[in-house]
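Going line by line, the protein sequences match chains A and B.
Here the first sequence is numbered in the working numbering, starting from 3 and rising by one per residue.
Here the second sequence is numbered in the working numbering, starting from 3 and rising by one per residue.
Since the hints were derived computationally from the structure, they do not count as laboratory data.
It should be emphasised that the depicted structure is a prediction, and the values quoted were computed from it without experimental measurement.
Treat each hint with caution, since some may be false.
Since copy identity is lost for identical chains, a pair holds within one copy or between any two.
Below are the BS3-like pairs computed for lysine-lysine, each with C-alpha atoms no more than 25 angstroms apart in a straight line [as the list claims (entries may be wrong)]: (1) K23 with K357; (2) K525 with K92; (3) K144 with K23; (4) K307 with K136; (5) K109 with K32; (6) K367 with K410; (7) K533 with K94; (8) K482 with K204; (9) K72 with K4; (10) K471 with K410; (11) K136 with K4; (12) K307 with K525; (13) K367 with K70; (14) K307 with K482; (15) K533 with K32; (16) K32 with K471; (17) K482 with K525; (18) K357 with K297; (19) K525 with K144; (20) K144 with K204; (21) K410 with K204; (22) K307 with K367; (23) K70 with K533; (24) K511 with K109; (25) K482 with K94; (26) K367 with K357; (27) K297 with K109.
There are 2 protein chains.
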Amino acid sequence: MKIFIAQQNYHIGNFEYNTNKIIEAIHTAKAAGGDLILFSEMSVCGYPARDFVEFDDFVDQCQQAVQKIKLHADTIGVLIGSPAQNTLQKGKSLFNAAYFLYEQEIKAEIHKTLLPTYDVFDEYRYFEPAFEWKVVEFKGKKIAVTICEDIWNLGDNPLYRICPMDQLMHQQPDLMLNLSASPFDYTHDEDRKAVIKANVLKYKVPLFYCNAVGSQTEIVFDGASLVFDKDANLCKALPMFEEALEWVELNEDGTINGEIVEPASRMPDKELNPATLEEELNIAQIYDALLLGIKDYFSKMGFQKAILGSSGGIDSAVTLALACDALGAENVRAILMPSPYSTEHSVDDAVQLSKNLNNPYDIIKINDVYESFLHTLSPLFNGLPFSLAEENIQSRSRGNLLMAIANKFGYILLNTSNKSELATGYGTLYGDMAGGLGILGDCYKVQVYALARFINRNKEIIPSNIIIKAPSAELRPNQKDSDSLPDYSVLDKILYQYIEKRKSPADIKAQGFDGELVDRTLKMVNNNEYKRNQFCPIIRVSPKAFGVGRRMPIVGKYLS
Amino acid sequence: MKIFIAQQNYHIGNFEYNTNKIIEAIHTAKAAGGDLILFSEMSVCGYPARDFVEFDDFVDQCQQAVQKIKLHADTIGVLIGSPAQNTLQKGKSLFNAAYFLYEQEIKAEIHKTLLPTYDVFDEYRYFEPAFEWKVVEFKGKKIAVTICEDIWNLGDNPLYRICPMDQLMHQQPDLMLNLSASPFDYTHDEDRKAVIKANVLKYKVPLFYCNAVGSQTEIVFDGASLVFDKDANLCKALPMFEEALEWVELNEDGTINGEIVEPASRMPDKELNPATLEEELNIAQIYDALLLGIKDYFSKMGFQKAILGSSGGIDSAVTLALACDALGAENVRAILMPSPYSTEHSVDDAVQLSKNLNNPYDIIKINDVYESFLHTLSPLFNGLPFSLAEENIQSRSRGNLLMAIANKFGYILLNTSNKSELATGYGTLYGDMAGGLGILGDCYKVQVYALARFINRNKEIIPSNIIIKAPSAELRPNQKDSDSLPDYSVLDKILYQYIEKRKSPADIKAQGFDGELVDRTLKMVNNNEYKRNQFCPIIRVSPKAFGVGRRMPIVGKYLS
Numbered sequence: 003m004k005i006f007i008a009q010q011n012y013h014i015g016n017f018e019y020n021t022n023k024i025i026e027a028i029h030t031a032k033a034a035g036g037d038l039i040l041f042s043e044m045s046v047c048g049y050p051a052r053d054f055v056e057f058d059d060f061v062d063q064c065q066q067a068v069q070k071i072k073l074h075a076d077t078i079g080v081l082i083g084s085p086a087q088n089t090l091q092k093g094k095s096l097f098n099a100a101y102f103l104y105e106q107e108i109k110a111e112i113h114k115t116l117l118p119t120y121d122v123f124d125e126y127r128y129f130e131p132a133f134e135w136k137v138v139e140f141k142g143k144k145i146a147v148t149i150c151e152d153i154w155n156l157g158d159n160p161l162y163r164i165c166p167m168d169q170l171m172h173q174q175p176d177l178m179l180n181l182s183a184s185p186f187d188y189t190h191d192e193d194r195k196a197v198i199k200a201n202v203l204k205y206k207v208p209l210f211y212c213n214a215v216g217s218q219t220e221i222v223f224d225g226a227s228l229v230f231d232k233d234a235n236l237c238k239a240l241p242m243f244e245e246a247l248e249w250v251e252l253n254e255d256g257t258i259n260g261e262i263v264e265p266a267s268r269m270p271d272k273e274l275n276p277a278t279l280e281e282e283l284n285i286a287q288i289y290d291a292l293l294l295g296i297k298d299y300f301s302k303m304g305f306q307k308a309i310l311g312s313s314g315g316i317d318s319a320v321t322l323a324l325a326c327d328a329l330g331a332e333n334v335r336a337i338l339m340p341s342p343y344s345t346e347h348s349v350d351d352a353v354q355l356s357k358n359l360n361n362p363y364d365i366i367k368i369n370d371v372y373e374s375f376l377h378t379l380s381p382l383f384n385g386l387p388f389s390l391a392e393e394n395i396q397s398r399s400r401g402n403l404l405m406a407i408a409n410k411f412g413y414i415l416l417n418t419s420n421k422s423e424l425a426t427g428y429g430t431l432y433g434d435m436a437g438g439l440g441i442l443g444d445c446y447k448v449q450v451y452a453l454a455r456f457i458n459r460n461k462e463i464i465p466s467n468i469i470i471k472a473p474s475a476e477l478r479p480n481q482k483d484s485d486s487l488p489d490y491s492v493l494d495k496i497l498y499q500y501i502e503k504r505k506s507p508a509d510i511k512a513q514g515f516d517g518e519l520v521d522r523t524l525k526m527v528n529n530n531e532y533k534r535n536q537f538c539p540i541i542r543v544s545p546k547a548f549g550v551g552r553r554m555p556i557v558g559k560y561l562s
Numbered sequence: 003m004k005i006f007i008a009q010q011n012y013h014i015g016n017f018e019y020n021t022n023k024i025i026e027a028i029h030t031a032k033a034a035g036g037d038l039i040l041f042s043e044m045s046v047c048g049y050p051a052r053d054f055v056e057f058d059d060f061v062d063q064c065q066q067a068v069q070k071i072k073l074h075a076d077t078i079g080v081l082i083g084s085p086a087q088n089t090l091q092k093g094k095s096l097f098n099a100a101y102f103l104y105e106q107e108i109k110a111e112i113h114k115t116l117l118p119t120y121d122v123f124d125e126y127r128y129f130e131p132a133f134e135w136k137v138v139e140f141k142g143k144k145i146a147v148t149i150c151e152d153i154w155n156l157g158d159n160p161l162y163r164i165c166p167m168d169q170l171m172h173q174q175p176d177l178m179l180n181l182s183a184s185p186f187d188y189t190h191d192e193d194r195k196a197v198i199k200a201n202v203l204k205y206k207v208p209l210f211y212c213n214a215v216g217s218q219t220e221i222v223f224d225g226a227s228l229v230f231d232k233d234a235n236l237c238k239a240l241p242m243f244e245e246a247l248e249w250v251e252l253n254e255d256g257t258i259n260g261e262i263v264e265p266a267s268r269m270p271d272k273e274l275n276p277a278t279l280e281e282e283l284n285i286a287q288i289y290d291a292l293l294l295g296i297k298d299y300f301s302k303m304g305f306q307k308a309i310l311g312s313s314g315g316i317d318s319a320v321t322l323a324l325a326c327d328a329l330g331a332e333n334v335r336a337i338l339m340p341s342p343y344s345t346e347h348s349v350d351d352a353v354q355l356s357k358n359l360n361n362p363y364d365i366i367k368i369n370d371v372y373e374s375f376l377h378t379l380s381p382l383f384n385g386l387p388f389s390l391a392e393e394n395i396q397s398r399s400r401g402n403l404l405m406a407i408a409n410k411f412g413y414i415l416l417n418t419s420n421k422s423e424l425a426t427g428y429g430t431l432y433g434d435m436a437g438g439l440g441i442l443g444d445c446y447k448v449q450v451y452a453l454a455r456f457i458n459r460n461k462e463i464i465p466s467n468i469i470i471k472a473p474s475a476e477l478r479p480n481q482k483d484s485d486s487l488p489d490y491s492v493l494d495k496i497l498y499q500y501i502e503k504r505k506s507p508a509d510i511k512a513q514g515f516d517g518e519l520v521d522r523t524l525k526m527v528n529n530n531e532y533k534r535n536q537f538c539p540i541i542r543v544s545p546k547a548f549g550v551g552r553r554m555p556i557v558g559k560y561l562s
């Protein structure tokens, strides 16, 4: 049996685009003699469609797409994903479903059992879990169809009471097919392989895993679809971060016809990757995820050109390099906006960076705007000493200038804030926190440096001066980040323990960090929820990013 | 049996504050000879604690609070709410629980069964539903304890598969106690009474319902706790929007000792209130909810003073009047910031408003700042005609000035955008969309007018000129909202059908609205998700507010 895996990049709610893409792959597979083609979870509408599925009209359009695709599933079996009405009048009104289409009919409708409702996932908000489990019969084979999370409980996942594959095994399936929309984070790649292998080891039938690819606002789906034979050898690994349509020939005995990519013996058994903050940790993957995150945000929003403030610091340098790679240097405009407190080398460094990248840039001094604010406010400020207010005026003047240029010429403002700054509130609302998309908001400062080294791996793109100088906001004379914040090498480790690991203050102190510093840091994190609440979407690369996956009460008083 | 209901206003995560408040009420009840005292859902930590409960340390602190309170529950029975560990190793690691404390012991732990996971609720994200149902025995009575949503399925709520009260009825309870944290919206008051009455009619035992009061960032809990006797007569109704500690004497036969507030015969049977957009619709309740929303945001964040831009328009006028009522006029500073395009009457109207309210105000012309932006940008703008960019510069100059004054003197900026503007994207990011709390963001423009009339019900506080003149942003000569937007009386109805009712374009057109206008309006709503995503929390008064309760994909392409 020749089985195709269509790893595709959908656009949420863009039914025409998604449907055409699916139909095209069906025709390619048919032309190549495919028996069956597998698509990813919620393929007709894109994942996550969020509250769109609460609109009956949206679900109707999903169903119309299924009907349209059905007509192309004549001599080839097709598995696609879509929301489906729950007609039982019991539980939520929808299922997260897969449709098995063949002979221009819906031969089976499969419902997802395990509904992830944590971090960025809200599936229990919309869907009812499956009531029953049945294999699909096709060309003499019994197929166990599951959807994404369904294979993430091997009986040992404490999150769930049910193991859907255990249910399906009562009917002795010959193979397992899984439709997924499983997002990237820098710990996930190895976990995924290990979990899929563990399923094959447990159930002893081959598994075809089709994952979505593409970025949807903040969530990056990395593809990396996989095929395992019945002996848990990896027989096919689709690429990360790009679309692909590939196939394998499944033999009668459950082996795969073709070369083994990685034998079971060489892969570790299920052993989840402990995340660390080390640079070695897949910085190339993070780079690729950010690239796709930028590309897809622009293409799906219908934008072409980006703008950003280029300060001569490391964050804007890395953001600029990423944006030039994603959108083409000619489409990324850098604006250098020195203030009275900017050092000369900052401008020089930023100019050199744009020369290296060959992207357009302008220098606009903010002195006049800054002075006009001070002058206008002087009757109220009445000679009071320089304070945070004046620092923020500079930052917001820059934000205002960038937005004005963006509005005039149709640019989208890229935000350059990193995760360490966002965590501690070291940024100005409507100033350096302005922008439509946060490129580095899920990368700690130490990871931003790692990205800079990665960008410079072959030649110096980011001037070394930008990498080696001490970080500074340059909003008052001789200012350094270290005046207000602990050293990033310490700060980031504390933040990581609190944000990613959700450790208590006592636990973190027990790891050897200074007690006063830990308390002060966690307090900064919790006191700045209100700022992050107004921040733009952040491209998610970690298991715990600020944004939709982390929901904190703003008026909360915990550790603050 | 003398039963107390403690309708209290908790501060999320402020354990010392919440615990002391609970203990104080216990002592008051004991001193008055109470047998039992009932608190609201999640009383020890406040509701909703959101992702705080994912921190073991936070849950530990909840448990410590329970232990502390337990010592005061000696001769009086106490029912409090708290997260509890799920020790079964099956399902999510926590329960949403109630503890029955008596004789300084935990006599029973009750778990919530129906976990709301829709709109602003995320309970399935954190909690496992109950595995079993058992009445609590106390002083010869059997008590059925349920938590909030548990009584919202009378067997006919399609959201749920289980009806916990049906389970508990097998043990023939003598009374029902319910701990709630059920938020206000302008449709909810009558619904709640009807649902509670329906429970009593079905199970024929008295019901004591204790709801939380107070605002938690955007969600307003209105209290309005209730007691019904076994014949479904309303025997006690606690006030809305304020704390209260009240009691009733429950007789042996299930009747209540005391006057009946509202006999069952005079209340409608369960018949949910169809929401409309009419002014009559509880505008006084909306006013009170907004007032509490402002008050609690400031008190829980530790703020005293507010600032806002006073334009002479209806939105800022209503916001200013509300803020003065909530915080005291002396604590609310209005800044009038005319631009070159402002009309003279706007300043006059805004001055008159502040004189009527007796709050401090300043007039700051933005001309210099605006000109300095134009001058600084002139090399780039290069003589291009006036456009949206220049309008936004004015709006952002105001935002920047307000934030500068706020930063300098410790004010919090109140945002004055209404729901119609936010829906259509008729506002400037970082300009008039700036601010820490959205006061009117869940009120359509027609409701803002209704609030203005309500504010003026006894005397003219908002000058009539502000109410009668045509709305304008005054960012270019002779600008009117109606240049860009449909008339609000039509627009708001379309928005309501789409946002609150989730109707399809076809359904809305079938109601008689112009087809092109409907399409254009829904497209505006969906195209401006990115703007609302960066907006501050909005005090929620409707069943569907922008913010945490409405989650849309930004890159989505539905109806856009």
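Hint-by-hint comparison with the structure:
no.: 1; hint: K23 with K357; in the structure: neither (39 angstroms within a copy, 63 angstroms between copies)
no.: 2; hint: K525 with K92; in the structure: neither (45 angstroms within a copy, 34 angstroms between copies)
no.: 3; hint: K144 with K23; in the structure: neither (28 angstroms within a copy, 62 angstroms between copies)
no.: 4; hint: K307 with K136; in the structure: neither (49 angstroms within a copy, 62 angstroms between copies)
no.: 5; hint: K109 with K32; in the structure: within (18 angstroms within a copy, 66 angstroms between copies)
no.: 6; hint: K367 with K410; in the structure: both (19 angstroms within a copy, 24 angstroms between copies)
no.: 7; hint: K533 with K94; in the structure: neither (35 angstroms within a copy, 30 angstroms between copies)
no.: 8; hint: K482 with K204; in the structure: neither (56 angstroms within a copy, 68 angstroms between copies)
no.: 9; hint: K72 with K4; in the structure: within (20 angstroms within a copy, 66 angstroms between copies)
no.: 10; hint: K471 with K410; in the structure: neither (34 angstroms within a copy, 31 angstroms between copies)
no.: 11; hint: K136 with K4; in the structure: within (23 angstroms within a copy, 55 angstroms between copies)
no.: 12; hint: K307 with K525; in the structure: between (38 angstroms within a copy, 23 angstroms between copies)
no.: 13; hint: K367 with K70; in the structure: neither (57 angstroms within a copy, 60 angstroms between copies)
no.: 14; hint: K307 with K482; in the structure: neither (32 angstroms within a copy, 31 angstroms between copies)
no.: 15; hint: K533 with K32; in the structure: neither (52 angstroms within a copy, 44 angstroms between copies)
no.: 16; hint: K32 with K471; in the structure: neither (58 angstroms within a copy, 66 angstroms between copies)
no.: 17; hint: K482 with K525; in the structure: within (21 angstroms within a copy, 46 angstroms between copies)
no.: 18; hint: K357 with K297; in the structure: within (22 angstroms within a copy, 53 angstroms between copies)
no.: 19; hint: K525 with K144; in the structure: neither (56 angstroms within a copy, 45 angstroms between copies)
no.: 20; hint: K144 with K204; in the structure: within (17 angstroms within a copy, 48 angstroms between copies)
no.: 21; hint: K410 with K204; in the structure: neither (60 angstroms within a copy, 64 angstroms between copies)
no.: 22; hint: K307 with K367; in the structure: within (23 angstroms within a copy, 34 angstroms between copies)
no.: 23; hint: K70 with K533; in the structure: neither (45 angstroms within a copy, 34 angstroms between copies)
no.: 24; hint: K511 with K109; in the structure: neither (58 angstroms within a copy, 36 angstroms between copies)
no.: 25; hint: K482 with K94; in the structure: neither (54 angstroms within a copy, 44 angstroms between copies)
no.: 26; hint: K367 with K357; in the structure: within (19 angstroms within a copy, 41 angstroms between copies)
no.: 27; hint: K297 with K109; in the structure: neither (37 angstroms within a copy, 58 angstroms between copies)
Hints 1, 2, 3, 4, 7, 8, 10, 13, 14, 15, 16, 19, 21, 23, 24, 25 and 27 from the list above are not met by this structure, while the remaining hints are.
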